[in-house]
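Those protein sequence lines, which keep their order, are chains A and B.
All letters in the first sequence, in the order written, are residues 18 to 596 by this note's numbering.
All letters in the second sequence, in the order written, are residues 18 to 596 by this note's numbering.
FYI, nobody ran anything at the bench for these hints, they're computed from the structure.
Take these hints with a grain of salt, some might be off.
Note: identical chains are not told apart, hence a pair may lie in one copy or across any two.
[To be verified] Calculated lysine to any residue pairs in the SDA-like style (CA-CA distance at most 25 Å, straight line): (1) K549 x L507; (2) K553 x E589; (3) K395 x T407; (4) K130 x L387; (5) K553 x A563; (6) K549 x S81.
There are 2 protein chains.
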Amino acid sequence: MKKWLRVDMSALEVRQEQPAEKYAGKGGRWLTSQFINEEVDPGCHPLGENNKLIFAPGFVTGTSAPSSGRISAGGKSPLTGGIKESNAGTPFAQSLARLGYQALILEGLPADKEQRYVLRVNSEGGELISAPELKGLGMYDTITRLREQYGDVDICGTGPAGEMKMAMAGICYNDPEYRASRYSGRGGLGATMGSKGVKAIVIERDGPGVEMADSDLFKIGQRKLAEALRNHDVTKPGGALNSFGTAVLINILNQAGGLPFRNFRSGVFDEAEAIAGETIADEVKKRGGEGMMGHSCSPGCVIRCSNVWPRKDGTEHVSCIEYESDWSLGANLDIDDLDAIAEMIYICNDLGLDTIEAGVTLGVAMEGGLAEFGDSEKAIDLLREVGRGTPLGRIIGNGAGLTGKALGVTRVPVVKNQGMPAYEPRSVKGIGVTYITSTMGADHTAGYTIAPEILSVGGESDPLDPQGKVELSRDFQATTAFVDSSGYCLFITFALLDSESGFEGMLETVNGVLGTSYTGDDVLDIGKKILKMERKFNEAAGLTRADDRIPEFMRREKLPPHDRVFEITDDELDQLWDF
Amino acid sequence: MKKWLRVDMSALEVRQEQPAEKYAGKGGRWLTSQFINEEVDPGCHPLGENNKLIFAPGFVTGTSAPSSGRISAGGKSPLTGGIKESNAGTPFAQSLARLGYQALILEGLPADKEQRYVLRVNSEGGELISAPELKGLGMYDTITRLREQYGDVDICGTGPAGEMKMAMAGICYNDPEYRASRYSGRGGLGATMGSKGVKAIVIERDGPGVEMADSDLFKIGQRKLAEALRNHDVTKPGGALNSFGTAVLINILNQAGGLPFRNFRSGVFDEAEAIAGETIADEVKKRGGEGMMGHSCSPGCVIRCSNVWPRKDGTEHVSCIEYESDWSLGANLDIDDLDAIAEMIYICNDLGLDTIEAGVTLGVAMEGGLAEFGDSEKAIDLLREVGRGTPLGRIIGNGAGLTGKALGVTRVPVVKNQGMPAYEPRSVKGIGVTYITSTMGADHTAGYTIAPEILSVGGESDPLDPQGKVELSRDFQATTAFVDSSGYCLFITFALLDSESGFEGMLETVNGVLGTSYTGDDVLDIGKKILKMERKFNEAAGLTRADDRIPEFMRREKLPPHDRVFEITDDELDQLWDF
Chain A
18 MKKWLRVDMS ALEVRQEQPA EKYAGKGGRW LTSQFINEEV DPGCHPLGEN
68 NKLIFAPGFV TGTSAPSSGR ISAGGKSPLT GGIKESNAGT PFAQSLARLG
118 YQALILEGLP ADKEQRYVLR VNSEGGELIS APELKGLGMY DTITRLREQY
168 GDVDICGTGP AGEMKMAMAG ICYNDPEYRA SRYSGRGGLG ATMGSKGVKA
218 IVIERDGPGV EMADSDLFKI GQRKLAEALR NHDVTKPGGA LNSFGTAVLI
268 NILNQAGGLP FRNFRSGVFD EAEAIAGETI ADEVKKRGGE GMMGHSCSPG
318 CVIRCSNVWP RKDGTEHVSC IEYESDWSLG ANLDIDDLDA IAEMIYICND
368 LGLDTIEAGV TLGVAMEGGL AEFGDSEKAI DLLREVGRGT PLGRIIGNGA
418 GLTGKALGVT RVPVVKNQGM PAYEPRSVKG IGVTYITSTM GADHTAGYTI
468 APEILSVGGE SDPLDPQGKV ELSRDFQATT AFVDSSGYCL FITFALLDSE
518 SGFEGMLETV NGVLGTSYTG DDVLDIGKKI LKMERKFNEA AGLTRADDRI
568 PEFMRREKLP PHDRVFEITD DELDQLWDF
Chain B
18 MKKWLRVDMS ALEVRQEQPA EKYAGKGGRW LTSQFINEEV DPGCHPLGEN
68 NKLIFAPGFV TGTSAPSSGR ISAGGKSPLT GGIKESNAGT PFAQSLARLG
118 YQALILEGLP ADKEQRYVLR VNSEGGELIS APELKGLGMY DTITRLREQY
168 GDVDICGTGP AGEMKMAMAG ICYNDPEYRA SRYSGRGGLG ATMGSKGVKA
218 IVIERDGPGV EMADSDLFKI GQRKLAEALR NHDVTKPGGA LNSFGTAVLI
268 NILNQAGGLP FRNFRSGVFD EAEAIAGETI ADEVKKRGGE GMMGHSCSPG
318 CVIRCSNVWP RKDGTEHVSC IEYESDWSLG ANLDIDDLDA IAEMIYICND
368 LGLDTIEAGV TLGVAMEGGL AEFGDSEKAI DLLREVGRGT PLGRIIGNGA
418 GLTGKALGVT RVPVVKNQGM PAYEPRSVKG IGVTYITSTM GADHTAGYTI
468 APEILSVGGE SDPLDPQGKV ELSRDFQATT AFVDSSGYCL FITFALLDSE
518 SGFEGMLETV NGVLGTSYTG DDVLDIGKKI LKMERKFNEA AGLTRADDRI
568 PEFMRREKLP PHDRVFEITD DELDQLWDF
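Construct the entire structure; sequences and hints are all you get.
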């Protein structure tokens with residue numbers, strides 16, 4: 018029987034509990050979103066004592082299923098004001114699951130706002146330890162110190178930005194080599210963690226493992242799934258993601274005219290090649306970065322799309338240059354210098370910032386005159402300012418929406434106050450529908466229609482054609498909600514969309530662990546149930562169809578090179594929820 | 018036939034037009050709210066080219082009706098994101114009406130964002146004049162220069178805060194002696210004006226006057242109304258408002274435990290006496306301020322509740338120390354120094370800031386650690402920072418909600434992102450209902466239940482008793498929507514609530530001007546129609562019943578001295594709109 022660990026920060030008490038029956042068989046996003054619906058007042062302040070922060074590994078997380086080291090963090094978002102599930106791949110997820118915890122919950126607020134705590138978790142439960150020495154510490158030093166103190170534990174924490182309760186703050190986790198590099202980045206949950214005075218959580222690795230209802234079935238599925246991943250061009254060893262990292266998308270999106278440039282003024286970046294995944298791989302090799310490509314975010318991943326970027330002398334600079342970060346801190350700012358981008362990612366990792374929101378915010382700041390586009394030195398300094406907690410740092414640190422308001426900028430690429438990721442909705446309509454309608458605010462991972470629109474994976478869909486994109490996004494969003502609950506990395510879907518046997522295998526692993534008999538139909542049904550649940554919370558929190566809208570300028574400004582606006586009407590967008 | 022003046026800032030064109038039939042007989046808030054519903058896209062950016070700014074005098078503005086020099090400014094609010102009507106008493110209103118303009122509309126955006134324009138209006142129409150010399154100029158100097166250039170015109174303008182598109186920016190008008198002191202303060206419409214590049218509007222005073230359908234009826238009504246105003250304790254010459262100004266309320270609210278102190282931590286300010294209206298009157302006399310009390314905001318006012326505050330040497334410092342400003346920049350900040358409060362009002366008037374939002378924001382800033390409560394020097398400096406346009410200034414200048422977010426403060430007394438005025442909702446429940454449910458965001462003038470709850474005017478209603486407050490607020494809000502359309506100052510209602518003949522007289526003046534035969538029932542019906550219209554816009558703009566909510570802390574923190582929370586439930590609040 019799985020257990021919960023509930024931490025009451027008002028009383029400074031930790032207790033294990035048996036979850037209610039209604040939570041049986043839930044995991045990841047399904048669990049976090051259901052829990053928030055049941056236990057969090059939609060009207061609460063995201064940084065107040067009534068918000069709760071929940072961590073939940075997926076169904077199969079902690080098992081030997083390939084690419085399944087995911088954890089969902091959930092709460093009311095300080096950034097969007099709605100529900101938030103932000104997931105990450107990290108050994109922390111696996112260790113938590115192997116200790117038998119279905120969920121870990123932080124609630125209440127400590128009386129002493131200046132104190133910092135470490136929550137130490139093992140199979141027996143948890144304890145809160147005062148840790149004033151960690152106050153204001155960057156995530157790199159935080160992880161180093163905690164390892165010195167606690168040994169080979171897995172760690173999650175919030176950086177100085179989260180301690181300062183900034184809405185751009187994510188939750189940081191270690192990677193397999195203890196780098197501060199894996200993130201539940203989006204939506205500001207690092208600020209919620211900071212508001213609760215929990216600087217870090219350390220988890221012992223000695224868990225007995227994940228109970229299985231049918232381990233034979235699990236093994237059958239595991240093999241099929243691994244086989245599918247090993248045979249798909251996108252996910253296979255030596256394939257696109259493994260060889261070049263996610264930044265392989267830079268050239269692809271640029272060629273499609275969908276790589277947002279200079280705060281979404283164009284879909285083309287003439288210097289894209291300089292920051293492309295292929296260039297990263299070349300340069301890593303040139304600098305002697307042995308083993309720095311094809312790195313994994315958590316043990317047991319087949320895809321291994323992460324990387325480590327070396328300095329010119331071959332020593333490690335940062336992990337990792339993800340496509341989204343490469344775009345947000347590069348193309349979006351007219352910056353083509355990978356070392357500058359790497360430095361910005363390093364700062365984000367250390368301060369505890371969402372790299373997407375950081376780059377989108379810097380784009381708005383440049384639009385507002387705080388720096389010239391292309392000025393990487395100034396961009397780096399603006400990011401450092403966040404850590405200084407100055408008024409300027411507090412503007413930047415609270416995201417693109419607030420920065421736009423503070424500076425009086427009208428071209429602000431956000432939906433539900435969350436910055437848009439690395440795909441231009443005017444050039445790729447389906448992902449636009451996802452940005453606009455997702456319960457999460459603008460989020461590509463909520464319904465990654467890029468697969469058929471750009472990558473010809475799971476069929477083909479003309480990115481410029483508005484027809485059918487509402488249905489496409491709806492199906493992707495529902496499927497994703499299930500995948501986000503399973504513990505699998507979303508990237509397995511590249512293979513599953515093109516492999517029936519892989520999809521079957523995925524279901525068999527889930528059924529093997531849970532004792533369920535889910536079919537393909539259940540995937541969609543459960544996904545839709547989760548979406549509706551999230552939508553219900555958002556509505557009660559004040560987010561309506563009027564918040565399912567694209568920024569005004571994207572309906573008016575034609576985007577080069579295709580010279581298109583976003584044409585899908587509000588009425589059509591509203592139909593996404595007709596199910 | 019009344020005409021409109023429409024200014025297209027994109028084309029830099031000004032044209033007179035005949036309003037459509039549907040606008041016949043409309044004025045003030047009725048006209049601005051109907052116009053916004055008809056012509057402004059609820060999804061538009063408040064600082065973008067699709068927002069429009071409309072000015073409309075009331076039905077009887079420009080006539081000799083007593084206390085009727087009011088103008089409504091309307092648009093989509095940069096502060097609340099919803100509809101906004103913000104009205105002011107000023108000779109500008111009267112001059113506009115006498116020139117025969119029912120409305121003056123600014124729309125579009127100029128191509129050159131750095132240019133500034135003056136709109137000059139006379140009975141023939143208007144012209145746009147480039148005025149680069151006014152860029153960034155404070156409102157005092159702006160009015161001085163415009164008078165030098167244009168003579169005895171009436172003036173409205175936006176200060177440096179509005180030019181910087183800050184959501185705390187109001188629209189400033191001259192008083193009868195050309196002081197920059199009268200404000201459509203609330204909701205940030207000064208930023209909308211600033212976004213359109215219109216620094217100021219100058220209006221000639223030579224208008225032929227307001228056409229009347231039945232001038233005899235008007236005169237009959239005018240006498241009855243004047244009589245009622247002259248005989249009511251609150252409004253009569255030598256009465257409470259005339260003798261002590263609106264700050265007469267300081268002691269009254271303090272005694273009722275409803276004067277918010279230190280960012281709404283208590284309803285009592287021990288030093289209230291030091292900033293009370295009675296003290297102001299004494300001190301003005303002591304300093305030799307002959308004629309500085311009982312001043313009027315516009316010619317023809319019977320009530321004359323404005324004042325001028327002198328420095329210690331008797332020379333003029335600022336006009337005026339209104340109750341709301343006295344509270345927001347005084348009691349709310351634990352500041353009991355009238356000279357410091359006067360200096361802050363002066364800064365607000367000059368920069369073009371809403372004094373209520375300014376004080377509420379400083380309270381939140383103090384809560385967030387930017388200054389100690391009670392530190393008037395630091396408070397003054399924080400306000401000056403707004404004019405400097407620094408990052409800190411941009412935080413403060415964008416209001417309490419944004420400041421709370423930037424600083425991670427959870428005790429933020431706003432509704433729909435607009436700062437709460439000078440009455441504690443936990444101690445005066447009816448005004449709380451108004452704050453929460455008003456289409457305008459937290460706004461006392463939207464339904465001033467203080468009359469029966471605190472002043473025993475128009476009946477009596479126990480301020481601490483939640484019973485019946487939804488109905489009370491609804492009736493007040495509806496009546497107010499009519500009064501805000503009439504051109505009358507809301508303060509005439511003190512007399513009308515206790516005088517049938519006065520109320521009759523008010524209606525006769527309106528019917529005399531418009532040729533209507535409105536009755537008391539029509540007042541409520543029209544008022545409700547206006548409210549529904551505004552609500553409709555807000556819903557389309559994304560404001561729902563989830564935005565008709567009191568800040569969470571007011572439901573949890575018991576407020577001294579009565580130790581009460583705000584008890585009226587969300588369900589009860591939602592019933593306000595059941596009509």
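We went through each hint and held it up to the structure:
In this assembly of identical chains, the alpha carbons of K549 and L507 lie at most 25 Å apart only when taken from the same copy (20 Å versus 46 Å across copies). Taking identical chains as interchangeable, the C-alpha atoms of K553 and E589 lie at most 25 Å apart whether they share a chain (20 Å) or sit on different chains (21 Å). When the C-alpha separation of K395 and T407 is checked against a cutoff of 25 Å, the pair qualifies both within a copy, at 16 Å, and between copies, at 17 Å. In this homomeric assembly, K130 and L387 come within 25 Å of each other (Cα to Cα) only across copies, at 17 Å, whereas the closest approach inside a single copy is 32 Å.
For the homomeric pair K553 and A563, the shortest alpha-carbon distances inside one copy (15 Å) and between copies (12 Å) are both at most 25 Å. Taking identical chains as interchangeable, the C-alpha atoms of K549 and S81 are never at most 25 Å apart, the minima being 31 Å within one chain and 59 Å between chains.
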